[in-house]
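Trainee: Construct the complete structure from the given sequences, taking the supplied hints into account.
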Amino acid sequence: MSTIRQQLLEFYETLLAHFGPQNWWPGDTPFEVMVGAILTQNTNWKNVSKAMANLKQANLLDPHRLLELDREHLTALIKPAGYFNIKAKRLHNLLTWLIDRFEGDVESAKALDTETLRAELLNIKGIGRETADSILLYGFEKLIFVVDTYTCRILWRHRLLDEDMDYDYVQEIFTDALPAEVQLYNEYHALLVALGKTYCRPRPNCVACPLSRFPHCLEDG
DNA sequence: GACCAGGCACATC
DNA sequence: GATGTGCATGGT
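Each residue of the first sequence is one higher than the one before, counting from 1343 in the numbering used here.
No wet-lab data here; the hints were simulated from the structure.
These figures come from a predicted structure and were not determined experimentally.
Ideal Cβ placement from N, Cα and C applies to all residues, glycine included.
When the alpha-carbon atoms are kept at most 27 Å apart in a straight line, the in silico DSS-like pairs for lysine-lysine are as follows: (1) Lys1467 / Lys1452; (2) Lys1431 / Lys1452; (3) Lys1421 / Lys1467; (4) Lys1388 / Lys1421; (5) Lys1467 / Lys1484; (6) Lys1398 / Lys1388; (7) Lys1421 / Lys1398; (8) Lys1392 / Lys1467; (9) Lys1484 / Lys1398; (10) Lys1398 / Lys1539; (11) Lys1484 / Lys1388; (12) Lys1421 / Lys1431; (13) Lys1484 / Lys1539; (14) Lys1398 / Lys1467.
Label pairs and their calculated CB-CB ranges: (15) Asn1547 / Asp1412: 41 to 51 Å; (16) Ala1418 / Leu1351: 41 to 51 Å; (17) Glu1410 / Lys1467: 16 to 26 Å; (18) Asp1508 / Val1549: 24 to 34 Å; (19) Arg1413 / Asp1510: 33 to 43 Å; (20) Ser1450 / Thr1385: 24 to 34 Å.
Mentor: Right, here's the structure in full:
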């Protein structure tokens, strides 16, 4: 067993023991995951949850109703999530695809194979790799590991990566190291986010960090 | 008040 | 291909 594989598995066990199961995604339906994935781009989930609550309150968490909503009304509702103009456009692009391609039926989309679905999502303007993979893993329960800034920061600080590694490369590290289980991918990424929010922040709190027993950044001279 | 947050597209070199 | 920039609210 390679060192990195062993370390990633030990990370997982440690994080799970510390934080407990995260039970992601924090949304009720695959469609909510899709909307939330756009809204959370470079944005704290607390702000996103306010925007999601607005949409839910207005009974708009439905592809057809959301697409029919005028732009002005939509931007007003998602305002708490920030970047509301650009996110309104991105939501529109996603909804247009979902309706043109699948008549708004998320289950039909889910029936496609992972590679096809990922390629189609990436073809939508406003959906990059992290957003596509979040939708695939958490919305469609596909076997795709999600990489984000927390993931890179944590691995970098624990010397498993060089700084600024490419998304695909980081994803490959996890894919190669972990058993191919959707639930494991789901939980692992959620746990990395939990760690990133609480300890492995831009200014890290390594003293209290559950991964402090592993070699990490502050041990450098 | 500064810094940060579960990115992405686009311009420019 | 690499680097810089705009997008914007709200929590810490």
